[in-house]
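*Asks:* With chain B held as given, fit chain V onto it using these hints.
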Amino acid sequence: MNRRTLLTTAALALTLGQAAFAQDPVTAGFIYVGPVGDGGWTYEHNQGRLAVEEHFGDKVKTIFQESVPEGADAERAITQMALSGADIIFTTSFGYMDPTMAVAEKFPNVKFEHATGYKTADNVGVYSARFYEGRAIQGHIAGKMTKTNKIGYIASFPIPEVIRGINSAYIHAKKVNPDVEFSIIWAYTWFDPAKEADAARALIENGADVILQHTDSTAPQAAAQEAGDVITFGQASDMIEYAPTPRVSSIIDNWAPYYIDRIQAVMDGTWESDNTWDGIGAGMVGIGEITDAVPEDVKAEALALKESIASGEYHPFTGPLNKADGSVWLAEGETASDGDLAGLNFYVEGIDAEIPQ
Amino acid sequence: MDLSSINPILLVASIMVSATPILLAAIGEMVVEKAGVLNLGVEGMMIIGAVTGFATAVSTGSPFLGFLAAAIASAIFSMAFGLLTQFLLSNQVATGLGLWMIGLGVSSLVGKSYEGMKSPPTPKLDIPVLSDLPVVGRMLFSHDIMVYLSLLLVLGVWAFLKFTRAGLILRAVGESHDSAHALGYKVVLIRLAAIFFGGACAGLGGAYISLVRVPQWTEGMTAGIGWIALAIVVFASWRPGRVLIGAYLFGGINVLQLNLQAAGANVPVALLSASPFIVTILVLVIISARGHHGAPASLGRPFHATT
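Chain order of the listed sequences is B and V.
So the first sequence is numbered by the UniProt record's numbering: it starts at 1 and just counts up by one.
So the second sequence is numbered by the UniProt record's numbering: it starts at 1 and just counts up by one.
None of these hints come from the bench; they were simulated from the model.
Being a predicted model, the structure only gives us computed values, none of them experimental.
Treat the hints with care, as some may be off.
Subject to a maximum C-alpha distance of 20 Å in a straight line, what follows is the list of computed SDA-like cross-link-like pairs (lysine to any residue) [as the list claims (entries may be wrong)]:
{"hint": "1", "chain 1": "V", "residue 1": "Lys112", "chain 2": "B", "residue 2": "Lys59"}
{"hint": "2", "chain 1": "B", "residue 1": "Lys59", "chain 2": "B", "residue 2": "Lys106"}
{"hint": "3", "chain 1": "B", "residue 1": "Lys175", "chain 2": "B", "residue 2": "Asp268"}
{"hint": "4", "chain 1": "V", "residue 1": "Lys118", "chain 2": "B", "residue 2": "Lys175"}
{"hint": "5", "chain 1": "B", "residue 1": "Lys106", "chain 2": "B", "residue 2": "Ala72"}
{"hint": "6", "chain 1": "V", "residue 1": "Lys118", "chain 2": "B", "residue 2": "Glu241"}
{"hint": "7", "chain 1": "V", "residue 1": "Lys118", "chain 2": "B", "residue 2": "Glu66"}
{"hint": "8", "chain 1": "V", "residue 1": "Lys112", "chain 2": "B", "residue 2": "Glu66"}
{"hint": "9", "chain 1": "B", "residue 1": "Lys119", "chain 2": "B", "residue 2": "Asn275"}
{"hint": "10", "chain 1": "B", "residue 1": "Lys61", "chain 2": "B", "residue 2": "Gly48"}
{"hint": "11", "chain 1": "V", "residue 1": "Lys124", "chain 2": "B", "residue 2": "Ala72"}
{"hint": "12", "chain 1": "B", "residue 1": "Lys119", "chain 2": "B", "residue 2": "Lys150"}
{"hint": "13", "chain 1": "B", "residue 1": "Lys150", "chain 2": "B", "residue 2": "Val348"}
{"hint": "14", "chain 1": "B", "residue 1": "Lys175", "chain 2": "B", "residue 2": "Gly319"}
{"hint": "15", "chain 1": "B", "residue 1": "Lys150", "chain 2": "V", "residue 2": "Ser5"}
{"hint": "16", "chain 1": "V", "residue 1": "Lys118", "chain 2": "B", "residue 2": "Thr245"}
{"hint": "17", "chain 1": "V", "residue 1": "Lys124", "chain 2": "B", "residue 2": "Lys59"}
{"hint": "18", "chain 1": "V", "residue 1": "Lys118", "chain 2": "B", "residue 2": "Glu226"}
{"hint": "19", "chain 1": "B", "residue 1": "Lys144", "chain 2": "B", "residue 2": "Ala300"}
{"hint": "20", "chain 1": "V", "residue 1": "Lys186", "chain 2": "V", "residue 2": "Leu83"}
{"hint": "21", "chain 1": "B", "residue 1": "Lys61", "chain 2": "B", "residue 2": "Thr245"}
{"hint": "22", "chain 1": "V", "residue 1": "Lys118", "chain 2": "B", "residue 2": "Gly228"}
{"hint": "23", "chain 1": "V", "residue 1": "Lys112", "chain 2": "B", "residue 2": "Gln65"}
{"hint": "24", "chain 1": "B", "residue 1": "Lys147", "chain 2": "B", "residue 2": "Glu301"}
{"hint": "25", "chain 1": "V", "residue 1": "Lys112", "chain 2": "B", "residue 2": "Ala227"}
{"hint": "26", "chain 1": "B", "residue 1": "Lys150", "chain 2": "V", "residue 2": "Ser4"}
{"hint": "27", "chain 1": "B", "residue 1": "Lys150", "chain 2": "V", "residue 2": "Leu260"}
{"hint": "28", "chain 1": "B", "residue 1": "Lys59", "chain 2": "B", "residue 2": "Gly319"}
{"hint": "29", "chain 1": "B", "residue 1": "Lys106", "chain 2": "B", "residue 2": "Asp73"}
Isolated chain B, as found in the complex:
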């Protein structure tokens, strides 16, 4: 097929897209920030995609592109996916937000869903999971388990999503262990196993015996295993291959129900731009098995905490809470609003560090 016919076909597909989609299978596209084999974030999005294929069978066709860098190249990749006839495109990383908005403007008939963002349009919806709920439980276990009172945290980029996680883990570690300290390393990457392993090692060498991570590979687990007496948590996916230690529990993303739901909406013609933010209660965030390396009573407390968060009885950001600069954030009994959380850009009181600008 030469270039001209390719372009005409693409244009034809676009104009006919609306009329034809009753008969044709719906094409769902996915843009991934890492490789599907990262064992973490992208792995779980791909599990969601596979669940979509299984659920709909012939009625849906899925396409995906892995390891798309956040930035200018993302726009090209998303445009290409839209041109190739996708009806709905899921862009699964925060850094795709502006590229997604830009492409969505050019393709009004294609639906877009951006993960973890906040900008919406008529054909752009956003969805995210309340990972901070899971991090509260990790923080609780971390605070109880640490012997050196130093907890290491491998952070990716200084965005609200990551800062929320640090705060939530810290608040709940501090609650059960007032002496706890956080060492935070900003890796400036979502996925770079060598750097993540180095970061984990640096934290361990600085005395941390619990490592939390907001990056996507299992390299920190491997480094912790080598060090011996360090515990870690699975991030985004279960990372069960490192159980019972160093991995003692995990936060698992479960995107499948959401993907199936939204693709169904496209099929029914009922799709509308939305803003979804679900947590443990709705099943979007799962807590991986707490292994026997954790004492029975700590495990029971952690599960009770999970239960109270899931039922909505307890909110991980409940006052009294101060900001790191000492000013009051939440009064006694007050809970943080979603708007506050979505734009969170400060540490809570007690974290002795600066957020890089």
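*Replies:* Coordinates of chain V only, in the frame set by chain B:
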């Protein structure tokens, strides 16, 4: 900020681990460039080495066989570049870039079934007496064998280029392939041998990442280390000793900035991460101002025997 939590002994040990893959790849590439060939495919050869080494080590249970297989596989892989550039006279820059992309693709294909596995641990070499020494023992004498091998390799390459006839011929081929050819040296064969050696070194560097530094396989895990190795060759102005300094500088700053962060030092991370590159630019400016780059005169130029 609590800088006292940084343990200098562990820091030096970490720097050596972090620098070793860069050093291995860079010293190999330096030999290739000394022979007058610019192979930009270091990253691709490294990742081939990483996946082959990991797969071999997992299936045989022996990390040493893993390293061996990685060196052989990457050396053979580099021959694709050798054949294209030396016999078919393809453009070296484009072919090198192609090698990088093919390496990435092939490695992720081969590596699919090895995801989530763990490699057998590479034993630490506990040198009797020396590793029991206070401070330096832990710092310098309790690493895995590859750390020492990489240092020996630098020494060997330096001695080879400086003192041996073969080293002189290799340099002659890199400086002026026409003259070397006129003297009767087999330019193409010598260059192929250099490319083969460079491939083997890059393979060892890749395997070091997947067997020691991370130890597991994930797609794209070399994450730009091959490109840093290329930069270091230029930084070192094609001298083995400076390659060593460059590799430890890059590896060192990387580890140091993570340690500073872990200790809570309030340093601009972006600046620290960029500092090796800033230093490279400075060094380039200085050597340019002096008018002597040290680059082999025939670097990157295709050779075709006309007589």
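*Asks:* Each hint should be assessed against the structure and marked as holding or not.
*Replies:* Right, here's what the structure says about each hint:
1. V/Lys112 <-> B/Lys59: 28 Å, violated
2. B/Lys59 <-> B/Lys106: 26 Å, violated
3. B/Lys175 <-> B/Asp268: 48 Å, violated
4. V/Lys118 <-> B/Lys175: Cα-Cα ~36 Å, so violated.
5. B/Lys106 <-> B/Ala72: 16 Å, holds
6. V/Lys118 <-> B/Glu241: Status holds; Cα separation ~9 Å.
7. V/Lys118 <-> B/Glu66: 23 Å, violated
8. V/Lys112 <-> B/Glu66: Answer holds: V/Lys112 to B/Glu66 is near 14 Å, not above 20 Å.
9. B/Lys119 <-> B/Asn275: 9 Å, holds
10. B/Lys61 <-> B/Gly48: Answer holds: B/Lys61 to B/Gly48 is near 14 Å, not above 20 Å.
11. V/Lys124 <-> B/Ala72: 44 Å, violated
12. B/Lys119 <-> B/Lys150: This hinted pair is violated, its Cα atoms lying about 37 Å apart.
13. B/Lys150 <-> B/Val348: 17 Å, holds
14. B/Lys175 <-> B/Gly319: It holds: about 12 Å lies between the C-alpha atoms, which stays within 20 Å.
15. B/Lys150 <-> V/Ser5: 11 Å, holds
16. V/Lys118 <-> B/Thr245: Since the Cα atoms of V/Lys118 and B/Thr245 sit roughly 14 Å apart, the hinted pair holds (cutoff 20 Å).
17. V/Lys124 <-> B/Lys59: 55 Å, violated
18. V/Lys118 <-> B/Glu226: Measuring from Cα to Cα gives roughly 11 Å; hence the hint holds.
19. B/Lys144 <-> B/Ala300: 12 Å, holds
20. V/Lys186 <-> V/Leu83: At roughly 15 Å apart (the allowed maximum being 20 Å), V/Leu83 and V/Lys186 satisfy the hint.
21. B/Lys61 <-> B/Thr245: 40 Å, violated
22. V/Lys118 <-> B/Gly228: 15 Å, holds
23. V/Lys112 <-> B/Gln65: Holds - the C-alpha atoms of B/Gln65 and V/Lys112 are around 16 Å apart, at most 20 Å.
24. B/Lys147 <-> B/Glu301: 18 Å, holds
25. V/Lys112 <-> B/Ala227: 27 Å, violated
26. B/Lys150 <-> V/Ser4: This hinted pair holds, its Cα atoms lying about 14 Å apart.
27. B/Lys150 <-> V/Leu260: Roughly 15 Å between the alpha carbons, so the hint for B/Lys150 and V/Leu260 holds.
28. B/Lys59 <-> B/Gly319: Distance of about 48 Å is beyond 20 Å: violated.
29. B/Lys106 <-> B/Asp73: 16 Å, holds
The structure is inconsistent with the numbered hints 1, 2, 3, 4, 7, 11, 12, 17, 21, 25 and 28, although it conforms to all the rest.
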